[in-house]
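> The hints should help you fit chains B and C onto chain A, whose structure is shown.
Take a look at the letters that make up each chain.
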Amino acid sequence: MDRITPRQALRMVVIAATALCFLMPLYWLTISALRPEADIFRFLNPFGPWTLIPNQLTADNIVGLWSGSFSRAIVNSIVVALVTVIAGLMVCASAAFALAVIEFPGRGVVFTTMIVSFLIPFDAIAVPLYSIMRGFNLQNSYAGLVLPGIGNGLAVFLLRQFFQGIPKELREAAMVDGMGWFRIFWSIYLPLSRPALVSAALIMFIFQWQAYLWPLLIAPSNDMKVAAVALAQFSSAYNVSFGLIFAGAAFLSLIPMLIFVFFQQYFTSSVAATGSKE
Amino acid sequence: MTRWSNIRVAALFLLPAVVSVVLLRLWPAAIAVHQSLLAPRASSYSLENYLYIFTDPSFLNSVWVTLLFSFIINPLQIAAALGLAILFNNKLPMTGFWRTAVLLPVAIPQSVSAVIWAVAYRPDGLLNSLLQLVGIGPQRFVTSPEQALGSIMLVVSWIGVGYWMTMLIAGLQDIPKSLYESATIDGANGWHKFWYVTLPQLRRPLTFVLVADTVANFLVFAPVNILTGGGPQGSTDLIMNQIYTNAFVNGDQGSAAAATVVLVALVLVIVLIQFRLMGDGSER
Amino acid sequence: MHIIKSGTLVGLTAMFLSSTAGLAMAEPVTINFLTAEADGSFDAAIAAFEAENPDIKVNFETVPFDSMVPTIESRVGGKDSSLDLFLVDTPRVPAMANSGYLRDISDRLGAVEAVASEAAQSVLKYNGTLYALPLWTSTQLMYYNKDLFDAAGIAYPSSDAAARMTYDETVALARQVMAGSDAKYGFVPEQIDRYYQLQPIFEGNGGGTGLTGEGNLTPDVANDKWIAAGKFYSSLFEDGLAPRGIAVDQMQSVFTSGETVFYVTGPWRLKAFDEATNLNFGLAPIPYWTDSKAQTPTDSWAVGISPYAAHPEAALKFAEFITLNPAGVGLVLESIPNVPVNQQAYGPYIDWLAGENPAVGDDLKKIMTYELADTPVPRPRSIGYVAFETVLNRAFSDIRNGSDVASTLQQAQQQLGSQLRRIQ
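Protein chains in written order, with the working numbering: chain A, 12 to 289; chain B, 31 to 314; chain C, 9 to 432.
Just chain A, same shape as in the assembly:
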């Protein structure tokens, strides 16, 4: 690393300050999870030393969180999200490739179908979808949770946008070399689109991580519950346990944080490095 110029140092400060603004609510969430339940709303106003620093720390909420079925639900959420991302990337990337690169009659219709599919509010069709999935006997199964996340029109759209940016000349040269469509897809388009693939993976991950109504309907059994549903369960008709909810939410953001930080390294450019983009 070269020496940091004053200009760069200033930029680092601005970046850190901006990010801290985004982190503030999460910070409050986390310290609330470490507070006794009764203290959570106690020091809000007027602003004082205990507003942002817990005067008393407790592990009760965290212990309480793991004593129930929440740990199982976290595992379910991770499995569902990972399977969705892996299967979804294959399905969506190949569809996006066909839509961006291969010329065929009806391409516009298929593309419009993909666009329309993500305009439909998923929650609004959850009830009819539930009766369809019940017909296939997919209640309380990973398949029932994963399947609606795989064919993601938004991810197809994103990947198509990026695939279109890869110069035509590359595939024309490959064709001259006798490469088939599949080889072109696998050995040229996918490796050149790493940032886009990571973004598409993020879209599918968030879809499943945020999913609430659908898992609630299709997988209500205790073994199959996902984390977002298990978390909501800490507010019952007569009592809302903010300590447990905040502790659970802190964990629900910790896991993606670890994943995101890990994937940062794949987020760097590939095309730009080769300078081959038009």
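Please keep in mind that the hints were generated in silico from the structure rather than gathered at the bench. Computed from a predicted model, the values in this text were never measured in an experiment. Note that the Cβ used here is the ideal one computed from N, Cα and C, for glycine as well. Mixed in with the good hints there might be a few duds.
[What the hints assert, rightly or not] Facing chain A, from chain B, some residues (calculated, C-beta under 7 Å): (1) S50; (2) V51; (3) P58; (4) V132; (5) S159; (6) V164; (7) G167; (8) T290.
Positioned in the frame of chain A, the structure of chains B and C alone reads:
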């Protein structure tokens, strides 16, 4: 190779996605359209549900609120996401971590995000105590018809801007360095580089973010449901809130389905206009 | 301790029974039971039931409270046979029965009549048909902060029904206490914009429930008495006696923090208030209007059977065990101490509850017993109740935030008119 001979290979690439989209999105959507055409207790098709929602002042108000919300929040969010993407697109130490921090809010269940902000917006809450520190009097936030929609926008942006920023950084990473280098040689300043290199090169990712963000903002629901329930005086009553209330609180599936169809039609029109404006849809 | 002991005992019995019975029995049927209660809250009752009925297994499913309605809409509405029985919020019984979401269980009417009061029975029926079995009911108490009264040097309010204060007296007293102490709020109803808790303020003022006519399908929420009640309710916030902008589920923090004089909520908050440090509280009956009779909110969850249940007989058997059988009712109460409808279970219940809260035990028993017997007024019976409640709760919320009372209620009246016409 002709267009027609490509159709078989294209079909192979498309099959899994098309099957899942048709089966798991369009088919249930078709069932919803069917429901929207069935009046309560009726067995033949009619437009009664549509007539009902279009004579219901609260639904008409929600269409207006949704459009207002959309016209304000989309440009703001996209500008913010673009600004953040440019700011965060560098190799300085720690940037990767800070980027993750900005992205993180999207990973928390929206219901929890809404609860955190509900605490911030309380009259005796964190925001008012912070404002008091800098000498500004207490604000009413979600309890005031003038401030409530803006307060919802802030929450939704806190959740989503990092997400769109991430998508745009992926686009920025794809811009060849050589373009900036030659621009520098030509004597371009920072603003020129942004206008003549970054923006044109970012057209496709920007189209994506514009369309996807617009759609996402039309489908905002949890923060409204938890923070305001559509009030005060209907000032935050987005169409999604109407749909949810009708379908899942009042058990009126017919009018909820009709409202869904109206919402999708509305979004579709706006998205088509956006595609036109961004000059997309055709092969380059 | 008590719970653990009985749980072990029941567990052992269950093991014994199932090991002997298993030899002769065919494959047990499994029934699915949907609630909005915490994990494990029915475990003791389920274990005891399964011990008595080795051929039935009960699978306890729970969804978050707010998601109960969507779940039932999609599962029962979708004719899902994998849901056998579920908890029902009683004001929803007419609408659910009308949509065909509840099985007719009129043949159990005799058994229900034996344990439930007439008022409690009425909420389980629609058009004379019995659709649900009675589980819990509810009432409201006015909690007050003793330290604030002490600071102001004012005597505590009485817990006698005969000395019940009017709304005006309550507010006047709250103001006095506020003036003499550092109290922030004077009179806060917890469910601050929900019909359940506001019914005594509005209907209690003599203007009717808000619904009239055949089948209770005509709105009447903008009459003079309602507007007068609305003005009183509005003034609570305008004058700073109650807070704006705090969500219902965070509301209790204004009482546990010791800054509120009077706080109205159910007995289910006793535990949290007991545990709060620096909070000394007492109990009084909720206020009434000078010219009218006192009334209190009531009702809670009941148990309904799905018309599409795969095993309706087994489901009914379990439903009877947790509602009609005092032993079963008792086992449920151990983990969810709501007020049982079952009159045989009420006596032991209230003694236990009073014993758990020794500081206010005597007043608690006295107030709850007469409120549940003398003053409960159920919410109106109508297939349009849910729409009614949704529209009104929004109107209440708007009034709370400062909207003009008369025009808000007139708007609600119009909106209800068109929504209820659609239901008819």
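> Now tell me, hint by hint, if it's right for this structure.
Status of the hints after comparison with the structure:
The interface hint given for S50 of chain B holds, since its Cβ lies 3 Å from the closest Cβ of chain A, which is under the 7 Å cut-off. Hint status for V51 of chain B relative to chain A: holds, with the closest Cβ pair at about 4 Å, below 7 Å. Interface hint status for P58 of chain B: upheld, as the beta-carbon distance to the closest one in chain A is roughly 4 Å, under 7 Å. At its closest, the beta carbon of V132 of chain B sits 5 Å from a beta carbon of chain A; the interface hint therefore holds under the 7 Å criterion.
Look at S159 of chain B: its Cβ gets to within about 4 Å of chain A, closer than 7 Å, so that hint holds up. A least Cβ separation of about 10 Å between V164 of chain B and chain A goes past the 7 Å threshold, and the interface hint is therefore violated. Because the closest C-beta pair between G167 of chain B and chain A is about 13 Å apart, greater than 7 Å, the hint is violated. A hinted interface residue such as T290 of chain B counts as satisfied when its beta carbon comes closer than 7 Å to some beta carbon of chain A; here the least separation is about 4 Å, so the hint holds.
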